[in-house]
Amino acid sequence: MGRELTFEIFRYNPAQPDIEPRMQTYTLEETPSMTLFIALNKIREEQDPTLQFDFCCRAGICGSCGMVINGVPGLACHTQTKDLPDKITLHPLPVFKLLGDLSVDTGVWFRNVGGKIESWIHTKKKFDPEAQEERMDNALANQIFELDRCVECGCCVAACGTARMREDFIGATAINRLARFYIDPRDNRDAADFYDLIGDDNGVFGCMGLLACDNVCPKQIPLHDQLGIMRRMATVESVKAIIPDFIRKKLTGCKSVKA
Amino acid sequence: MNPRTPAEIRSRLDFWQAFSGALLAVFVCCHLILEGSVVISPVVTDFIGDWMEKIYVAQIVAPVILALILFHFWIAARKMPFRKGELTIFTQHSMALKDVDTALWIVQVFTAIVILFGAFFHVYGVMSQMPLTVEKSHIRLHEGWILFYTVFLPCTILHTGIGMYRIGVKYGLISKARRKIWRAIIWIGMGCYLILGCCALTRVWFY
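Here the protein sequences line up with chains A and B, keeping their order.
If you read the first sequence in this note's numbering, its first letter stands for residue -12, the second for the next number, and so on.
If you read the second sequence in this note's numbering, its first letter stands for residue 242, the second for the next number, and so on.
None of these hints come from the bench; they were simulated from the model.
Note that CB positions come from ideal geometry on N, CA and C, so glycine has one too.
Any given hint could be a false lead.
Straight line, CA to CA, 27 Å or less: simulated DSSO-like cross-link-like pairs of lysine-lysine [said to hold, decoys possible]:
(1) K206(A) / K29(A)
(2) K206(A) / K417(B)
(3) K29(A) / K69(A)
(4) K421(B) / K339(B)
(5) K29(A) / K74(A)
(6) K103(A) / K227(A)
(7) K206(A) / K103(A)
(8) K74(A) / K339(B)
(9) K103(A) / K113(A)
(10) K206(A) / K339(B)
(11) K206(A) / K69(A)
(12) K339(B) / K84(A)
(13) K339(B) / K69(A)
(14) K295(B) / K377(B)
(15) K206(A) / K84(A)
(16) K421(B) / K206(A)
(17) K325(B) / K84(A)
(18) K417(B) / K339(B)
(19) K339(B) / K325(B)
(20) K206(A) / K74(A)
(21) K84(A) / K103(A)
Which stretches of chain A does chain B cover? Using the computed rule of at least three CB atoms under 8 Å from a CB of chain B, they are [unchecked claim]:
(22) 190 to 196
(23) 199 to 207
(24) 214 to 220
Some chain B residues close to chain A (C-beta under 8 Å, calculated; not the full set) [said to hold, decoys possible]:
(25) R253
(26) D255
(27) F256
(28) K320
(29) I330
(30) F331
(31) H334
(32) A337
(33) L338
(34) K339
(35) T343
Let the hints inform the model, and build the full structure from the sequences given.
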């Protein structure tokens, strides 16, 4: 017989503002290899069909089931109950719009931020559907793929102290996203263009180096390493009038493609 | 090259924050080592103090460092949780997350405020009783300054150590792969400086 797990789950439906936010307790017997996703489904199927939470892929790919697990943001489908104590407290991810209980709308936030950082390839080339795909160096393709692994679950944003205090801060995920275009040779933007997008306190300079984004990322993306590279680029860009060229080139340290 | 607009000039603040912070960190490290020379012998410290006064380094550096501290604080304060509700949000967030790096930021904010005021008292105490000698320091400590230094010294070391680590992380100089090693180096470094500072205080106390 497995452990008896006690779940303290945040309950609030914005569509019913007359009912106060509250914590509701559920108990469940732990089964082998149980994930939080399985546990929540069991609770919903057997105890409370009104419980709201998001899920889709069940494999850490869609990023839908992000929530705050015992104070730490993470994916429900990635989190095994055996790694948690008997009492498990669940809250919705902060920063994002609450839809109900554990369900939040990360989509609007990511769309807004994507717009702010112009998260698409900027090229002057006219698209030719008949032309062969352009070749790319394998190492560079892998680098871009590494940055593209973000599933936009929002855990890094929820764990970021800056994002919690300053709602305009674009977060590590957006800077990581922009780094992907920064190294992409198909994108014609130069350092000055990227600087214009993120070179302020809502962008890369807003980061206080708290590192929680890195620590909670379910995909183990080295978000802060990217942030560091982009910050260096933006800083060098911000002071390029007062720094000699040979130092500037050494400091940028991200890539030679668009130096 | 296009001239920068005022908004763009504002974004240089991050550079100046890191630059002034790095300069102050180097100063603190050098200052503590020179002060720590009293552990070897008060004669050495007196010699260094005398030499610094003769070539006017002490008289020039002290106000410059105070100005640099003010400048650094003024820039860094834009990130501090001074706006309504921010401190509460951050503290609650930090406590729930139980993340050391996040919690250390609160330590940095607290120590920054201590240093801001403490540095003025420290410089006033030292510069108003020239010349720089161990004997004068001994008298000052026995006049009650020992309590001030038991707070000021660890705060300065903590702020310097955490600040240097954070500059390294923020500018990608300390990568994720090497973060644990650097964290250990910084904590060991802070421990060594704290021991040196305590030994120096003890030596001056019993001068």
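- [ ] Check each numbered hint from earlier against the structure, then list the numbers of those it violates in ascending order.
- [x] The structure conflicts with no hint, since it agrees with every one listed earlier.
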